[in-house]
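Chain by chain, the residues:
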Amino acid sequence: MGRGGAAAHMLRRMNRFRKFVFSSEGWPLLLVPFIPIALVLELSHADATVIFITSALGVIPTAALMGRATEELAARSGPGIGGFLNVTFGNAPELIIAFFALKEGLQEVVKASIVGSILGNILLVMGAAMFVGGLKHKVQKFDRTAANVQSTMLTLAAVALVLPAVFQLVSGGGLPDPAAEAVEFSSDEKSISVGLSLILLGTYAAGLLFSLKTHKDLFNPVHGDDGEHGEPWSVKKAVIALGIAGAAVGLMSEILVGSISEASEGIGLSPFFVGIIVVAIVGNAAEHWVAIYFAARNKMDLAVNISIGSSAQIALFVAPVLVLLSFFIGPFPMALVFNGFELAAILLSVIIAQQVTHEGESTWFEGLQLLAVYAILGLTFYFV
Amino acid sequence: MGRGGAAAHMLRRMNRFRKFVFSSEGWPLLLVPFIPIALVLELSHADATVIFITSALGVIPTAALMGRATEELAARSGPGIGGFLNVTFGNAPELIIAFFALKEGLQEVVKASIVGSILGNILLVMGAAMFVGGLKHKVQKFDRTAANVQSTMLTLAAVALVLPAVFQLVSGGGLPDPAAEAVEFSSDEKSISVGLSLILLGTYAAGLLFSLKTHKDLFNPVHGDDGEHGEPWSVKKAVIALGIAGAAVGLMSEILVGSISEASEGIGLSPFFVGIIVVAIVGNAAEHWVAIYFAARNKMDLAVNISIGSSAQIALFVAPVLVLLSFFIGPFPMALVFNGFELAAILLSVIIAQQVTHEGESTWFEGLQLLAVYAILGLTFYFV
Amino acid sequence: MGRGGAAAHMLRRMNRFRKFVFSSEGWPLLLVPFIPIALVLELSHADATVIFITSALGVIPTAALMGRATEELAARSGPGIGGFLNVTFGNAPELIIAFFALKEGLQEVVKASIVGSILGNILLVMGAAMFVGGLKHKVQKFDRTAANVQSTMLTLAAVALVLPAVFQLVSGGGLPDPAAEAVEFSSDEKSISVGLSLILLGTYAAGLLFSLKTHKDLFNPVHGDDGEHGEPWSVKKAVIALGIAGAAVGLMSEILVGSISEASEGIGLSPFFVGIIVVAIVGNAAEHWVAIYFAARNKMDLAVNISIGSSAQIALFVAPVLVLLSFFIGPFPMALVFNGFELAAILLSVIIAQQVTHEGESTWFEGLQLLAVYAILGLTFYFV
Chain A
697 MGRGGAAAHM
707 LRRMNRFRKF
717 VFSSEGWPLL
727 LVPFIPIALV
737 LELSHADATV
747 IFITSALGVI
757 PTAALMGRAT
767 EELAARSGPG
777 IGGFLNVTFG
787 NAPELIIAFF
797 ALKEGLQEVV
807 KASIVGSILG
817 NILLVMGAAM
827 FVGGLKHKVQ
837 KFDRTAANVQ
847 STMLTLAAVA
857 LVLPAVFQLV
867 SGGGLPDPAA
877 EAVEFSSDEK
887 SISVGLSLIL
897 LGTYAAGLLF
907 SLKTHKDLFN
917 PVHGDDGEHG
927 EPWSVKKAVI
937 ALGIAGAAVG
947 LMSEILVGSI
957 SEASEGIGLS
967 PFFVGIIVVA
977 IVGNAAEHWV
987 AIYFAARNKM
997 DLAVNISIGS
1007 SAQIALFVAP
1017 VLVLLSFFIG
1027 PFPMALVFNG
1037 FELAAILLSV
1047 IIAQQVTHEG
1057 ESTWFEGLQL
1067 LAVYAILGLT
1077 FYFV
Chain B
697 MGRGGAAAHM
707 LRRMNRFRKF
717 VFSSEGWPLL
727 LVPFIPIALV
737 LELSHADATV
747 IFITSALGVI
757 PTAALMGRAT
767 EELAARSGPG
777 IGGFLNVTFG
787 NAPELIIAFF
797 ALKEGLQEVV
807 KASIVGSILG
817 NILLVMGAAM
827 FVGGLKHKVQ
837 KFDRTAANVQ
847 STMLTLAAVA
857 LVLPAVFQLV
867 SGGGLPDPAA
877 EAVEFSSDEK
887 SISVGLSLIL
897 LGTYAAGLLF
907 SLKTHKDLFN
917 PVHGDDGEHG
927 EPWSVKKAVI
937 ALGIAGAAVG
947 LMSEILVGSI
957 SEASEGIGLS
967 PFFVGIIVVA
977 IVGNAAEHWV
987 AIYFAARNKM
997 DLAVNISIGS
1007 SAQIALFVAP
1017 VLVLLSFFIG
1027 PFPMALVFNG
1037 FELAAILLSV
1047 IIAQQVTHEG
1057 ESTWFEGLQL
1067 LAVYAILGLT
1077 FYFV
Chain C
697 MGRGGAAAHM
707 LRRMNRFRKF
717 VFSSEGWPLL
727 LVPFIPIALV
737 LELSHADATV
747 IFITSALGVI
757 PTAALMGRAT
767 EELAARSGPG
777 IGGFLNVTFG
787 NAPELIIAFF
797 ALKEGLQEVV
807 KASIVGSILG
817 NILLVMGAAM
827 FVGGLKHKVQ
837 KFDRTAANVQ
847 STMLTLAAVA
857 LVLPAVFQLV
867 SGGGLPDPAA
877 EAVEFSSDEK
887 SISVGLSLIL
897 LGTYAAGLLF
907 SLKTHKDLFN
917 PVHGDDGEHG
927 EPWSVKKAVI
937 ALGIAGAAVG
947 LMSEILVGSI
957 SEASEGIGLS
967 PFFVGIIVVA
977 IVGNAAEHWV
987 AIYFAARNKM
997 DLAVNISIGS
1007 SAQIALFVAP
1017 VLVLLSFFIG
1027 PFPMALVFNG
1037 FELAAILLSV
1047 IIAQQVTHEG
1057 ESTWFEGLQL
1067 LAVYAILGLT
1077 FYFV
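Protein chains in written order, with the numbering used here: chain A, 697 to 1080; chain B, 697 to 1080; chain C, 697 to 1080.
Treat the hints as calculated values from the structure; they're not laboratory data. Treat the hints loosely; a few may be bogus.
All copies of an identical chain are treated as equivalent in the list; a pair is satisfied when it fits inside any one copy or across any two copies.
As the list claims (entries may be wrong) - Under the rule of at most 25 Å between Cα atoms (straight-line distance), these lysine-lysine pairs were calculated in the DSS-like manner:
hint : residue 1 : residue 2
1    : Lys912    : Lys932
2    : Lys933    : Lys832
3    : Lys912    : Lys933
4    : Lys912    : Lys837
5    : Lys834    : Lys909
6    : Lys834    : Lys933
7    : Lys832    : Lys909
8    : Lys912    : Lys834
9    : Lys837    : Lys933
10   : Lys834    : Lys932
11   : Lys912    : Lys832
12   : Lys932    : Lys799
13   : Lys837    : Lys932
Keep in mind that this is a model prediction, so the values were computed, not measured.
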């Protein structure tokens, strides 16, 4: 029993370790070392490109911890408040990153990262989930009605995100140049943006009432009950973890955003590309992993809700909050006027989101088509 | 029995009065006094803003009477002709208002009111119906096939309404300025507009054949059978009422249109906003009330048919008829070239109409989303 | 039995002849004489307009023979390779015509004919099939899932076909003039076009895997089993026929393309109109006939698959192959930058394709609506 037993024990431990690392809460831990590395590099004024890459990797575990802590806190606080917490803190990392970009005056990067998050969730996250899930399961079903509510919210948001640009074009003004850092628009545009933001936030609040109260049976909230997580956290532990994670996300985001302009020059990518593709992927890494995880287990309802729901949340909550914040932070208030690429990307991805979800079924090929659309957009943006 | 009986009798009478006033044919009667008031003010050359407001309020009861008379006449004349009457006179008030605007040379106001009627029916009327209906009933069902036929008609109309603008842009011309009164376009544009109008009218005629003859079972015509109306009218009474209502609509419309330019200055709104929001609401007030009435009684099929059907009718019947009329009335023929706001609004609302109706189900939140889109458009148009 | 028997025999023969001529493989034979006529006229340098018309008519029987030979070869080679053959040679005529146009340097005609084929298949072919089928059958059903896969492919293709134009507009460049023969774009645009083409071809290959292998049960391949065709061809006969047909299509296409510029002047149509309407109709004449044939026999699945499938194939296979070929043929590489009409037509027809197919049902009126949209586009293009 001697050596054989020890080897078997070893193997079991390694197996458990491997299982943990590849579980949805395990793997981000591997990236934890990048947090102090980014911090040290930043303090020692190292090369911006290296700072950018390490802080980008460092954001991922902090965002994952934030997601986990929110979930645990939500699980402890009853469906109503729990759902509210889940939904409100769900996109906190994106909001925090954008907050620091706003503070730095990088309004065009903020707008690019808003659009990038919408695109990334619909095309990359949902695409990867449908593709991976579809490799295992021939046809996967999900609830059409819930998906439809959220894709209609996206369409509504698209109207709000497109109209200020129409106003700009009809009044003879130009759309922002993708290469600009920040563009100031007329006071009419600012007023329109504030008004639209209030309408979006009001609709978002009504949507919470709808999905958490009057029609909550449409949205099955069996999120944490799938046996993956170990013991539940105490409320105290969850609140402390949320606080630490929030601070860490903030720290990493500030470093990340501070290095964007210089780093993008170093890597040879435009700040626009960095905002719309790189920052969006970093900010949504956690959603990405979780959606694929559920899709592979044939829980397509959750995967679709996470991806389209996150997109809708970015558009109806994060974007308007940033507009309102911009009156207090940064050089001048930010108007919701997007550039031509962003407008085309919003409109096309909303049409596709509707088309892919209206049937309530998905296959690997549908997933691949979404990924192909993301590749098409990414390729074009690369040349900006 | 004395005083108690008199009080009870009084109460019953008051109840009946209240019931009548708040019924779909009662409340417009309250606005009847505005008809002579508007007339007197107009004759005494009062302030344009006051004339505008009173005549706008005066249009509503005359349009309601016209709707009621059409319905009664339709009920007396068998399903085929009845349906035809209903459908043809259904948008007579909009047509009459636009006719006088055309005569005044206010072509841009005419086009704005066409787009405003399409938007208003899809977003405001259907939105309010779904919202009010959804407050009482958790999920409301309606026939998808009938809704789909009409939303496809709207898409077809959108193609026709968008292409002349594409032609204009590709040939290097500009779109009309929303602040203009009337813009003359090239003779090619006029020919295109006439051709498109004939295609739209032909499709409209085919649609009548479809919905009244070959596939009439799809469209349930149990419109007046819901016990609200009292005794049926005789044909004679209906024809006389239709004649009086038509004349009154015409009179009010002429006064209304004559005061638009001056009044819009007085109120501080652009003629564009007045055309696309105010005139459209006034012209569709009757549909509005009826659609909400049916939605509250869970007759969603009727509510959706009224709203999307009216939009389709405006696009496929009223708009082309106005183009053809413009060759005989007004300064020069009107081309179907819409401005940037109108184009964006048409395209976005057609996409939303399709998205909201393709499932055959609605909830209060879907209604609220439609109202939010209307608010977004209204807010932006306010700053034009 | 004498005279009566002879007359009856005569009648039977005539009936059989009539049946053959009006069958889907018979009627193109009537156009065979135009092949030598076009050849003789071309060699004798006759009037370009006459050459154009005769060669256009001559393309039709050669394309029909090519389709038939491909089908027979496919039927002999098992579902996997058979499907591949069918799908790959299915749009060979369009590819061959475009190849010669590319060689002549008529890149704008090539792009117009790509868009024209997409439009023609969705609007004209599917419209005519739904209309004719719907006259006989009240409501026709088809498989939504298969139709949806293909309409999503079209949307994906639309993204790829629209983005280079967005890139062009955002970088401050103009879209090609519809009257131009060929426009050279920046090297960035060429790189984007190549990248997009590779993504489209990859998606196309994945789509073959999906429809011929992993989900082949969704697409019922009972194409040739409907008893119309007579005896099956031998592989040898099919290969020889394919070779002859290919050579004949090539010959006719070269003559056709060589006469476009001069003929379009003669007829008074722009080369743009000839490319987007005339060439597209000629190239798709065979699909057209076959789709109507199946629709009339209530095999709507096949009719819809042929029309939307052909559109998707043109967009995901023919268009990218032509972009790659343009690096070796013609004056300079062709970028996928479409003009304003083409962009509007692509976007609108993709939205309509989705709307008409998502229900899995069709009626004569839906067919007529598609035809009306085609008429609207054709009318507008006529004035270019």
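At most 25 Å between alpha carbons: which applies to Lys933 and Lys832, within, between, both or neither?
Classified as neither: same-chain Cα gap 37 Å, cross-chain 43 Å, threshold 25 Å.
How would you classify Lys932 and Lys799 at a CA-CA limit of 25 Å: within, between, both, or neither?
neither (32 Å within a copy, 74 Å between copies)
Using 25 Å as the alpha-carbon threshold, which applies to Lys834 and Lys909: within, between, both, or neither?
Cα proximity of Lys834 and Lys909: across copies only (12 Å, versus 34 Å in one copy).
Tell me, please, which holds for Lys837 and Lys932 at an alpha-carbon limit of 25 Å: within, between, both or neither?
neither (38 Å within a copy, 46 Å between copies)
Is it within a copy, between copies, both, or neither that the alpha carbon of Lys912 lies no farther than 25 Å from that of Lys837?
Both: 19 Å inside a copy, 19 Å across copies.
25 Å Cα threshold - placement of Lys932 relative to Lys912:
neither (28 Å within a copy, 54 Å between copies)
Same-copy or cross-copy closeness of Lys834 to Lys932 [CA-CA at most 25 Å]:
neither (43 Å within a copy, 38 Å between copies)
Checking an output row: Lys912 and Lys933, CA cutoff 25 Å. Within, between, both or neither?
neither (28 Å within a copy, 52 Å between copies)
Checking an output row: Lys912 and Lys834, CA cutoff 25 Å. Within, between, both or neither?
Between copies only: 11 Å across chains, 29 Å inside a chain, cut-off 25 Å.
Intra/inter-copy verdict for Lys912 and Lys832 if alpha-carbon distance must be at most 25 Å
between (30 Å within a copy, 17 Å between copies)
Classify it for me, Lys832 with Lys909: is the Cα-Cα distance of at most 25 Å met within a copy, between copies, both or neither?
between (35 Å within a copy, 15 Å between copies)
Go through the copies and call it for Lys837 and Lys933: within, between, both or neither, with a Cα cutoff of 25 Å.
Intra 36 Å, inter 46 Å, cutoff 25 Å: neither.
Checked against the numbered hints above, the structure violates hints 1, 2, 3, 6, 9, 10, 12 and 13; every other hint is satisfied.
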